[in-house]
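Heads up: the sequence lines are chains Z and V, in that order. Everything in the first sequence is counted per our numbering, starting at 1 for the first residue and increasing by one. Everything in the second sequence is counted per our numbering, starting at 1 for the first residue and increasing by one.
If you're looking for bench data, these hints aren't it; they were derived computationally from the structure. Just so you know, not all the hints are guaranteed correct.
DEER-style ranges, computed between Cβ atoms [stated by the list, open to error]: (1) V:A37 x Z:S198: 28 to 34 Å; (2) V:R84 x Z:Q52: 32 to 38 Å; (3) Z:T187 x V:A137: 27 to 33 Å; (4) V:V92 x Z:A272: 55 to 61 Å; (5) Z:G243 x V:A137: 42 to 48 Å; (6) Z:A162 x V:P153: 44 to 50 Å; (7) V:V92 x Z:S253: 35 to 41 Å; (8) Z:D240 x V:R29: 30 to 36 Å; (9) V:S144 x Z:G135: 41 to 47 Å; (10) Z:G243 x V:A37: 47 to 53 Å; (11) V:A37 x Z:D240: 24 to 30 Å.
Note that beta-carbon positions come from the ideal geometry of N, C-alpha and C, so glycine has one too.
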Amino acid sequence: MRPILVGAVLYDPKVAVIWDIIARFFVARDCAMDCVFYTNYELQVGALLENQIEVAWNSPLAWIDAQRRTGGRCRALAMRDTDRDRRTHLLVRADGPLRAPEQLRGRTVALGAADSPQATLLPIHELARHGLAPGTDYEVRRHDVLLGKHGDHVGGEREALADLVEGRADAAAVLDLNWELWRADGTADPSTLRVLASTAPFDHCNFTVTPALAAERAEAWAQVLLSMDYANPEHREMMDLEGLKAWLPGRTSGYEALEAATREQNFFAATAAR
Amino acid sequence: MTATDTGEPDGALRGLLEPGGGVTLVARRASFPASDARGPASHAERPSALELLLGALAADLLGGLARECRRAGLGLRDAELRLRARLENPLVALGVVGEEGSPAVRSIEGALHASGVDTAPLEAAWATVMAHSPAYATLARATSIRIEVRPLP
Numbered sequence: 001m002r003p004i005l006v007g008a009v010l011y012d013p014k015v016a017v018i019w020d021i022i023a024r025f026f027v028a029r030d031c032a033m034d035c036v037f038y039t040n041y042e043l044q045v046g047a048l049l050e051n052q053i054e055v056a057w058n059s060p061l062a063w064i065d066a067q068r069r070t071g072g073r074c075r076a077l078a079m080r081d082t083d084r085d086r087r088t089h090l091l092v093r094a095d096g097p098l099r100a101p102e103q104l105r106g107r108t109v110a111l112g113a114a115d116s117p118q119a120t121l122l123p124i125h126e127l128a129r130h131g132l133a134p135g136t137d138y139e140v141r142r143h144d145v146l147l148g149k150h151g152d153h154v155g156g157e158r159e160a161l162a163d164l165v166e167g168r169a170d171a172a173a174v175l176d177l178n179w180e181l182w183r184a185d186g187t188a189d190p191s192t193l194r195v196l197a198s199t200a201p202f203d204h205c206n207f208t209v210t211p212a213l214a215a216e217r218a219e220a221w222a223q224v225l226l227s228m229d230y231a232n233p234e235h236r237e238m239m240d241l242e243g244l245k246a247w248l249p250g251r252t253s254g255y256e257a258l259e260a261a262t263r264e265q266n267f268f269a270a271t272a273a274r
Numbered sequence: 001m002t003a004t005d006t007g008e009p010d011g012a013l014r015g016l017l018e019p020g021g022g023v024t025l026v027a028r029r030a031s032f033p034a035s036d037a038r039g040p041a042s043h044a045e046r047p048s049a050l051e052l053l054l055g056a057l058a059a060d061l062l063g064g065l066a067r068e069c070r071r072a073g074l075g076l077r078d079a080e081l082r083l084r085a086r087l088e089n090p091l092v093a094l095g096v097v098g099e100e101g102s103p104a105v106r107s108i109e110g111a112l113h114a115s116g117v118d119t120a121p122l123e124a125a126w127a128t129v130m131a132h133s134p135a136y137a138t139l140a141r142a143t144s145i146r147i148e149v150r151p152l153p
């Protein structure tokens, strides 16, 4: 049988190893799968919609783009447990005077890449809820590391954090998982920084399919994915590499804030115009 | 003087594709496994094509060093050559759609550790080896090769 072609955006050759291990897992369960790598999500979404691939491991922004371009006909097949209910924190210096997001008026906020949901689009959306517009009410220091990869690369967030620590910004937007990681590994000193505000929970990546993928083929593939068991040592390495303890069925209720953010910020029209 | 071209190859090898996508290489009376340049994790027991490229260089240089030292009466005891290659854009070698640039080898770096020979005669022998090595001469036309010579007591 023809293998199911799964698309993934790759920014580091090391990530290919994870996909190779996942593909082997599928092949060993009589579900042939092969990976096609893309340099950015725009190419990947285009390939999905042109049926060059059948499943796309999509960022939340790529999911919204695929839905937008198909009139909402895509389906989120599965996601990691760690993709659900993420938050972005707006960090400030612990000894500073800021106590509420509104106090960022007239200040400088460090953000990640322009197309990063967690490090740019959602924090701007959050500040808009507090009546603050970028460029008007606060200055933005943006870090466009690897544009097109939707903030997958943490470089933009790390640079934003450095802006805060080194005094070039009054606040920095960082994904909760990165904040936890960087507090633990010493990248950030938790005694000198604190969380000023957090976004509402949102969902991150998912495996996206279009109606072109036959339902039984999609379900067979999803069943193999969902059969990965963290308690099984043979599966654990693969799941640790991908940063999850369980694959879950896809849900689409966690993308509303990002959808709203793309509308407010006119994101797709602005991207098309560039 | 140049050698007469007899039409006979100076080296030959057969590559056989295996059902799982691996490759078996057959040369002389030996056969050994290999995989493509990407050398996926599922082929970890097989050297990748890129590693075999380094292997050809290492075999040529170390074998040549043994020969030169023997001819010069140098008491070479042990030698180890460690090599590392970097590609111009490894994502192109992985077939990443939309990546630009070349999958060519950008550089080869490494170090030769050898014992039993003093620095000056070792370096002289090494220079001769590199001048006579088809693998080195060919790769050096295409990429930067930098190998440090580190004599050991």
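Hint numbers the structure violates, sorted upward? 1, 3, 4, 8 and 10
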